[in-house]
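Work out the full structure: start from the sequences and follow the hints.
Just so you know, this note's numbering puts 251 at position 251 of the sequence shown, and the rest follows in order with no gaps.
Derived by calculation from the structure, the hints in this document are not laboratory data.
One should not assume that every hint holds.
Restricting the straight-line Cα-Cα distance to at most 20 Å, the calculated cross-link-like pairs of lysine to aspartate or glutamate (DMTMM-like) are [as the list claims (entries may be wrong)]: (1) Lys648 to Asp280; (2) Lys191 to Asp170; (3) Lys651 to Glu678; (4) Lys294 to Asp304; (5) Lys474 to Glu447; (6) Lys86 to Glu9; (7) Lys648 to Glu323; (8) Lys417 to Glu463; (9) Lys19 to Glu9; (10) Lys294 to Asp262; (11) Lys651 to Asp431; (12) Lys426 to Asp441; (13) Lys191 to Glu272; (14) Lys651 to Asp623; (15) Lys247 to Glu282; (16) Lys426 to Glu442; (17) Lys157 to Asp116; (18) Lys648 to Asp623; (19) Lys351 to Glu341; (20) Lys157 to Glu202; (21) Lys143 to Glu771; (22) Lys394 to Asp116; (23) Lys19 to Glu704; (24) Lys426 to Glu463; (25) Lys389 to Glu461; (26) Lys351 to Asp698; (27) Lys648 to Glu442; (28) Lys648 to Glu188; (29) Lys19 to Glu719; (30) Lys555 to Asp522; (31) Lys394 to Asp304; (32) Lys247 to Glu188; (33) Lys86 to Glu167; (34) Lys394 to Glu451; (35) Lys297 to Glu323; (36) Lys555 to Asp688; (37) Lys294 to Glu316.
Owing to the predicted nature of the structure, the values given are computational and were not obtained by experimental measurement.
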Amino acid sequence: QAYRLTDEEFRRCVWTFVKVAPELPHGMRTGEVTSAVSPWPHQVRTYVRFLQQWPCRLLIADEVGLGKTITAGLILRQALLSGKAKRILILTPKSVQIQWQNELYEKFNLNVPIYDGATLRWRPAYGWSGPLERAVGRDAWQKEPVVLASSFLMRRKDRVRELLEAEPWDLVLLDEAHHARRRGAGTEQEKGPNALLSVMRELARRCQSLLLLTATPMQVHPVEIWDLMDLLGLPPKWAAEPHAFLKYFSWASGNPSPETLDLLTAWFRDCEAYFGPLTDAEIAALTPGLSSIKRTKVIRALRDTAQAPRRMLDPESRRALLEVLKACSPLRWRMVRHTRELLRSYRRANKLDLPIADREVRDIPVEMTPAERALYEQVEDYISETYSKAASDKRTAIGFVMTVYRRRLASSFEALKRTLNARLGKLGLSDEDVSLDEAGDEVMAPEEAAELAASTAELEERERILCLLRSIAKLNTDTKARMLHAELVSVFATGSESAIVFTQYTDTMEYLRDFLARELPDVPVASYSGTGGAWRDGSGRWIACTKEEIKRRLKTGAVRLLVCSDAAGEGLNLQTAGVLVNYDLPWNPMRVEQRIGRIDRLGQLRPKVRILNFAYKDTVEADVFFAVGERIQLFQGIVGRLQPILSKLPKRFEEVTLTSREAREAARQRFLAEIEQEVAQAGDVPLDLDVVAREGLDIPPLPEPPYDLLGVDQAMAHEASRPVDLEWRPLDAQTYAARLPGMPEPIRVTTSADVFEESGDSHQLFSPGGELFGALLGSVDGSFSDEPQPGICWLLRDQNGRAATFVVNTAAGFCRADTLPALITLLERPGAPAPFPAGDWPGYEAAQIV
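Below, the structure written as structure tokens:
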């Protein structure tokens with residue numbers, strides 16, 4: 001029976017639809033289009049794949065700078081909004097927790113607390129009325145719907161119970177997943193899992209979906225790939241053999257014997273039995289150029305247990321069969337990997353409307369003055385002599401502290417000076433001093449670095465440290481800083497260019513920003529580090545500011561030079577700049593790649609970005625990064641099969657650093673020769689992830705989402721659909737003053753992703769996930785009934801309990817609504833759409849009143 005809705009029922013229908021829309025079959029993109037990001041095609045492809053296969057287990061191994069965090073955020077947001085996941089655990093290294101928390105809020109409107117072992121800490125956010133910190137017990141923090149925890153903390157023996165005895169998680173995400181590995185991977189001393197891998201093996205059994213993120217899934221050996229794939233789930237034959245990937249690709253890369261080919265196809269059939277058979281279209285895509293007759297023979301040769309079909313293949317068909325085998329290991333189903341080169345190939349083929357910049361890299365060797373060289377060698381001598389004098393049980397600890405001095409020396413004399421002064425004052429090392437070696441059995445946590453430093457304080461000679469500090473004080477110039485200044489003068493001579501200078505250490509950053517602001521008085525300068533941003537005003541004062549303010553000033557030209565520590569290497573996208581300077585070169589090349597990824601991003605409008613690399617001449621950094629780096633195009637983002645070589649560099653740098661003066665030059669030359677030889681042999685590696693993971697970028701057709709941010713804005717423009725107790729006053733385009741009862745003052749909210757991105761420090765995004773928006777959705781109650789009732793709406797579910805469609809009883813009868821604008825039109829002008837059949841609600845298990 002037709003029924004005229006009251007104003008209250010009108011509002012309830014609108015907000016009920018807003019609440020349940022992400023659950024609908026066409027609601028998968030709701031989380032995306034109501035966030036503050038515009039994802040690129042490869043990100044959409046991955047997150048849609050993950051959610052369509054839910055529950056899903058996947059490794060995202062996209063190259064640095066291609067937005068793994070964005071893809072993961074889209075998955076998290078949609079899983080939450082749709083109700084697929086009600087409990088999500090995000091495990092990251094402690095060093096990137098703040099960046100993760102910021103990204104989740106700034107891009108996905110989710111204020112996720114960090115658990116630090118004793119308290120939950122939320123991000124300070126505009127309009128946030130909840131707590132910023134709350135003490136919690138070890139058995140209470142897991143009750144949060146989404147929580148960030150340190151993978152370093154959770155791997156500790158005394159913490160494992162907190163994870164494994166908690167209620168199972170719907171989704172677990174592990175960032176920097178390559179930290180979960182076996183000890184001695186790929187060596188004769190290969191042992192069991194390290195602490196993090198042990199935890200993850202248990203946790204994998206206690207979660208519905210599992211998402212692993214790393215740009216370098218194969219740090220040193222293919223067995224690491226097996227460890228990660230095993231967490232996600234492997235077919236029986238693959239699960240029984242830890243070295244399966246090395247064997248499989250070694251066999252498939254050559255000209256296998258008939259017997260070996262039988263083994264390969266058996267492993268292929270194992271994959272199809274576990275993951276499901278390939279479609280004809282998939283096999284056709286993997287065998288381009290083959291006739292349909294030959295393709296049929298290849299398919300039979302792959303799937304038949306008999307040997308005869310494989311023995312009868314001609315050479316062309318046999319080659320095609322091997323290509324299918326290489327493309328169809330478990331990596332096809334359990335890993336996605338996108339590289340810049342893959343995206344470029346699609347752009348060249350006009351399949352991708354996306355600007356991808358080229359890199360112009362220039363290495364700048366710095367010739368030290370005689371005084372600088374003497375000091376440099378004096379520090380090197382102190383390092384090696386202090387290390388050699390230490391007792392054997394103290395060498396690991398003192399060796400670590402000495403390598404910290406050496407890394408700071410390579411950055412700047414100022415950074416070394418501040419560290420030596422702190423050492424005299426019995427102060428510990430900073431989080432920036434953690435070892436860059438990620439290829440060891442266990443990755444160092446900041447707390448472990450502090451413990452090592454504290455345990456060796458008595459081993460250093462105070463008088464020698466004072467002598468080094470006096471030598472630093474006598475320097476009357478800084479050659480590297482002067483050369484940087486000269487390069488920047490050239491950069492800014494173009495008139496409109498802006499530049500970013502990166503360094504490992506806040507100490508170097510603070511020194512450089514003052515030096516450059518003084519030497520470049522006409523260039524507006526700002527800085528950004530782990531402590532936040534600052535810009536220099538006309539009187540020479542540094543004014544503290546937010547990340548949003550830094551981005552605004554760069555975008556408008558109010559800042560043309562930004563000096564950063566590596567804390568800006570994540571979470572601060574700087575594609576408005578076209579020049580990036582590496583003032584120092586971290587021993588882990590991936591840190592450099594992360595820096596470059598801040599400007600060489602999808603969306604960089606310049607056809608070319610310039611990279612300037614500084615290093616002191618005749619040092620091991622210049623040897624490796626300039627000589628070898630040029631040959632292997634190290635800073636072009638081309639890593640692939642070279643990763644196992646690059647991952648060993650930090651440890652090798654440390655070894656050379658601790659070598660005695662007499663053996664130092666020989667050690668340098670040996671280091672360089674070994675790297676050259678390994679690079680030359682890298683072409684023989686059978687498993688190249690960039691090749692085996694190559695796949696298409698075509699996005700399947702996606703339905704129109706139920707609503708987006710503009711739809712929310714339009715709905716709020718209707719007085720009839722606005723909550724009656726909400727104060728709502730327009731301020732600017734898609735910006736409003738809003739207040740609910742109990743709020744002391746109105747807050748500024750926006751339905752514009754652009755406004756929120758630029759002014760998130762003074763606006764709240766009015767979309768799902770936001771605090772104010774959530775308060776409105778929280779007023780929508782739910783109950784169940786088997787019978788339709790007039791003047792109300794229903795979420796109809798199929799026999800499997802999945803949301804199927806949304807209907808509302810209007811003046812025209814029961815009508816189906818697919819989008820928010822259509823629903824409002826339907827409620828205002830009933831009769832336009834065809835009525836939805838009521839009766840016994842055929843095809844649906846029951847009607848859920850929401």
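Structure-based check of each hint:
1. Taken as a hint, the Lys648 and Asp280 pair is broken in the structure, with Cα atoms around 43 Å apart against an allowance of 20 Å.
2. Of the supplied pair hints, the one linking Lys191 and Asp170 is violated, its CA atoms being roughly 31 Å apart against a limit of 20 Å.
3. Of the supplied pair hints, the one linking Lys651 and Glu678 holds, its CA atoms being roughly 16 Å apart against a limit of 20 Å.
4. For the given pair, Lys294 sits about 15 Å from Asp304 by alpha-carbon distance, which is consistent with the 20 Å threshold.
5. Of the pairs offered as hints, the one joining Lys474 and Glu447 is violated, with about 35 Å between alpha carbons and a cut-off of 20 Å exceeded.
6. Only pairs whose Cα atoms come within 20 Å are accepted, and Lys86 paired with Glu9 is rejected, the gap being roughly 28 Å.
7. Between Lys648 and Glu323, the direct Cα distance comes to roughly 31 Å. Violation of the 20 Å bound is thereby established for this hinted pair.
8. With a CA separation close to 14 Å, the supplied pair Lys417 and Glu463 stays within the 20 Å bound.
9. Our distance criterion of 20 Å between C-alpha atoms is met by Lys19 and Glu9, whose separation comes to about 15 Å.
10. As the CA atoms of Lys294 and Asp262 are separated by approximately 19 Å, the hinted pair is consistent with the 20 Å bound.
11. At most 20 Å may separate the alpha-carbon atoms for a hinted pair to count; Lys651 and Asp431 meet this at roughly 19 Å.
12. Pair hint Lys426 plus Asp441 does not hold up; C-alpha atoms about 30 Å apart against a cutoff of 20 Å.
13. About 31 Å separates the Cα atoms of Lys191 and Glu272, which puts this hinted pair outside 20 Å; it is violated.
14. Restraint check for Lys651 and Asp623: satisfied, since their Cα atoms lie roughly 16 Å apart, inside the 20 Å limit.
15. With a CA separation close to 25 Å, the supplied pair Lys247 and Glu282 exceeds the 20 Å bound.
16. A distance of roughly 27 Å separates the Cα atoms of Lys426 and Glu442; the hinted pair therefore is violated under the 20 Å criterion.
17. Distance hint between Lys157 and Asp116 is fulfilled; the C-alpha atoms sit about 16 Å from each other, no more than 20 Å.
18. Under the criterion of a C-alpha separation no larger than 20 Å, the hint pairing Lys648 with Asp623 is consistent with the structure, at around 16 Å.
19. A C-alpha spacing of about 14 Å is found between Lys351 and Glu341, which places the hinted pair at or below 20 Å, so the restraint holds.
20. Distance check on the hinted pair: Lys157 and Glu202 sit about 13 Å apart at the alpha-carbon level, within 20 Å; holds.
21. Between Lys143 and Glu771 the alpha-carbon distance is near 19 Å, which keeps this suggested pair within the 20 Å criterion.
22. In summary, the hint linking Lys394 to Asp116 is not supported, as the alpha carbons are separated by about 30 Å, beyond the 20 Å threshold.
23. For a cut-off of 20 Å, the pair hint linking Lys19 to Glu704 stands: about 17 Å separates their Cα positions.
24. A distance of roughly 15 Å separates the Cα atoms of Lys426 and Glu463; the hinted pair therefore holds under the 20 Å criterion.
25. A hinted pair counts as satisfied when its Cα atoms are at most 20 Å apart, and Lys389 with Glu461 qualifies at roughly 11 Å.
26. Of the supplied pair hints, the one linking Lys351 and Asp698 holds, its CA atoms being roughly 8 Å apart against a limit of 20 Å.
27. Taking the CA atoms of Lys648 and Glu442, the gap is about 14 Å. The hint holds against a cut of 20 Å.
28. For a cut-off of 20 Å, the pair hint linking Lys648 to Glu188 stands: about 17 Å separates their Cα positions.
29. Among the hinted pairs, Lys19 with Glu719 is consistent with the structure: their alpha-carbon atoms are about 19 Å apart, no more than 20 Å.
30. Our distance criterion of 20 Å between C-alpha atoms is met by Lys555 and Asp522, whose separation comes to about 18 Å.
31. Of the supplied pair hints, the one linking Lys394 and Asp304 is violated, its CA atoms being roughly 61 Å apart against a limit of 20 Å.
32. Annotation: proposed proximity of Lys247 to Glu188 holds, straight-line Cα distance about 17 Å (limit 20 Å).
33. Taking the CA atoms of Lys86 and Glu167, the gap is near 11 Å; set against the 20 Å cutoff, the hint holds.
34. In summary, the hint linking Lys394 to Glu451 is supported, as the alpha carbons are separated by about 12 Å, within the 20 Å threshold.
35. Proximity of Lys297 to Glu323 is assessed by CA-CA distance (about 14 Å); at most 20 Å being required, the pair is judged to hold.
36. Between Lys555 and Asp688 the alpha-carbon distance is near 39 Å, which puts this suggested pair outside the 20 Å criterion.
37. A distance of roughly 9 Å separates the Cα atoms of Lys294 and Glu316; the hinted pair therefore holds under the 20 Å criterion.
Consistency note: the structure conflicts with the earlier hints numbered 1, 2, 5, 6, 7, 12, 13, 15, 16, 22, 31, 36.
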